[in-house]
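Kindly generate the complete structure, drawing on both the sequences and the hints.
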Amino acid sequence: MAKIIVNGEPQEVELPLNLTALIKLNNVEQPDMVSVQVNDEFADRTEWDAIQLKDGDIVDFLYFMGGGQFISICKGCPKKTDF
Amino acid sequence: MIEFTEEQIHRYSRHILLADVGVEGQEKIMNAKVLVVGAGGLGAPVSLYLAAAGVGRIGLVDADIVDISNLQRQVIHFTKDVGTPKVKSAKEKLLAINPDVKVDTYYEFLDSSNALDIIREYDFIVDGTDNFPVKFLINDACVMAGKPFSHGGILRFNGQTFTHLPGTACYRCMFKEPPPPGAVPTCSQAGVLGAIAGMLGTIQAAETLKYFTGVGQLLTNCLLTFDAKTMQFRTVAVRHRDNCPVCGSNPTIDHLIDYEQAVCDLKNHEK
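From first to last, the protein sequence lines are chains B and P. Numbering-wise (this note's numbering), the first sequence opens with residue 1 and increments by one. Numbering-wise (this note's numbering), the second sequence opens with residue 1 and increments by one.
Please keep in mind that the hints were generated in silico from the structure rather than gathered at the bench. A portion of the hints provided could be inaccurate.
Stated by the list, open to error - A partial selection of chain B residues facing chain P, derived with a Cβ cut-off under 8 Å: (1) V6; (2) G8; (3) S35; (4) D40; (5) F42; (6) W48; (7) A50; (8) D60; (9) L62.
To be verified - Simulated coverage check for chain P against chain B, where a stretch passes if three residues somewhere in it have a Cβ under 8 Å from a Cβ of chain B: (10) 19-27; (11) 167-175.
Glycine is no exception: its CB is placed at the ideal position from the N, C-alpha and C atoms.
Shown next, in the form of structure tokens:
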């Protein structure tokens with residue numbers, strides 16, 4: 001067993017464990033919508049499988065947040081700057 | 001040196017009374033030029049507080065018109081404004097609060113063709129947008145133009161924000177690129193509690209005023225997140241990445257990018 005900190009909360013996990021497996025273990029709803037840091041270092045998505053966690057690691061999931069809705073990008077809208 | 005009128009001394013007395021702000025700090029606020037991108041959920045509280053504070057010039061960018069579904073959180077727009085361009089509706093309110101403020105309106109989308117030209121006119125940029133393509137565009141344009149900015153994002157009961165100054169971590173240091181278009185939350189996962197926009201927007205407004213007055217520490221090299229369900233606030237340390245594609249030592253992004261994003265259409269949403 002190893003103790004790691006995930007989003008500020010201690011977690012006990014069985015090693016070996018890679019980042020992809022930790023994300024699954026934490027039921028992250030949409031892994032595409034999360035950015036991960038291990039010990040304050042950005043973990044590139046392409047390396048999640050290769051990153052093995054160890055005792056004492058600090059992991060943070062940073063979620064993409066927009067504005068609660070998603071609008072289309074309209075290119076042909078009128079442009080006016082004087083009201 | 002600005003000569004304060006009696007009325008201004010009275011109007012800004014609660015700032016002037018603050019030992020950390022005083023007349024000098026208020027003068028800095030009155031000389032400030034701030035661009036607020038998005039006159040919606042975040043842009044409403046941000047621009048209302050900046051106008052009230054006496055920020056000299058406020059630019060507003062938004063190509064939308066007020067929709068009744070906006071009124072749940074975009075408190076700068078009133079029921080009578082439905083159908084009006086958001087920048088027009090917002091400008092009216094800002095001038096009603098403080099006629100001393102100069103308000104510039106840009107009734108258009110910010111994209112790669114206009115972002116740098118618009119941003120260059122201002123000292124500080126506030127990201128109050130609701131979509132990732134524009135968030136990355138604002139980040140990249142501010143990094144390229146050497147401008148400080150405040151990032152803001154809200155979703156459901158959560159919010160996040162950080163402040164970027166040249167040389168500190170940027171949005172791409174934390175989120176390398178936009179999520180794939182198919183990965184954005186579906187409607188059932190989206191939505192936002194109206195007051196969350198106010199919570200986050202007022203933090204962004206406070207950061208803006210701190211920047212100009214030089215008071216305290218800004219939210220640089222960290223990401224502040226909160227969950228209103230538990231009212232837990234957390235600050236995650238984030239480092240400036242030397243291999244960041246836009247602010248690193250060998251940037252690979254040398255021009256602005258217009259990303260595409262999938263649309264969440266509530267009308268077609270299966271409950």
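Now the hints, each set against the structure:
1. V6: At about 12 Å, which exceeds the 8 Å cut-off, the nearest Cβ of chain P leaves the hint on V6 (chain B) violated.
2. G8: holds (6 Å)
3. S35: holds (5 Å)
4. D40: The hint holds - D40 (chain B) has a Cβ within 8 Å of chain P, the shortest such distance being about 5 Å.
5. F42: Since the shortest Cβ distance to chain P is 6 Å, the answer is holds.
6. W48: Check failed: Cβ of W48 (chain B) comes no nearer than 13 Å to chain P, outside 8 Å.
7. A50: violated (16 Å)
8. D60: With a closest approach of 5 Å, the D60 (chain B) hint holds.
9. L62: holds (6 Å)
10. 19-27: Violated - the region 19-27 of chain P has 0 residues with a Cβ nearer than 8 Å to chain B, which falls short of three.
11. 167-175: Held - the region 167-175 of chain P has 3 residues with a Cβ nearer than 8 Å to chain B, which meets the minimum of three.
Consistency with the previously given hints fails for numbers 1, 6, 7 and 10, ordered from lowest to highest.
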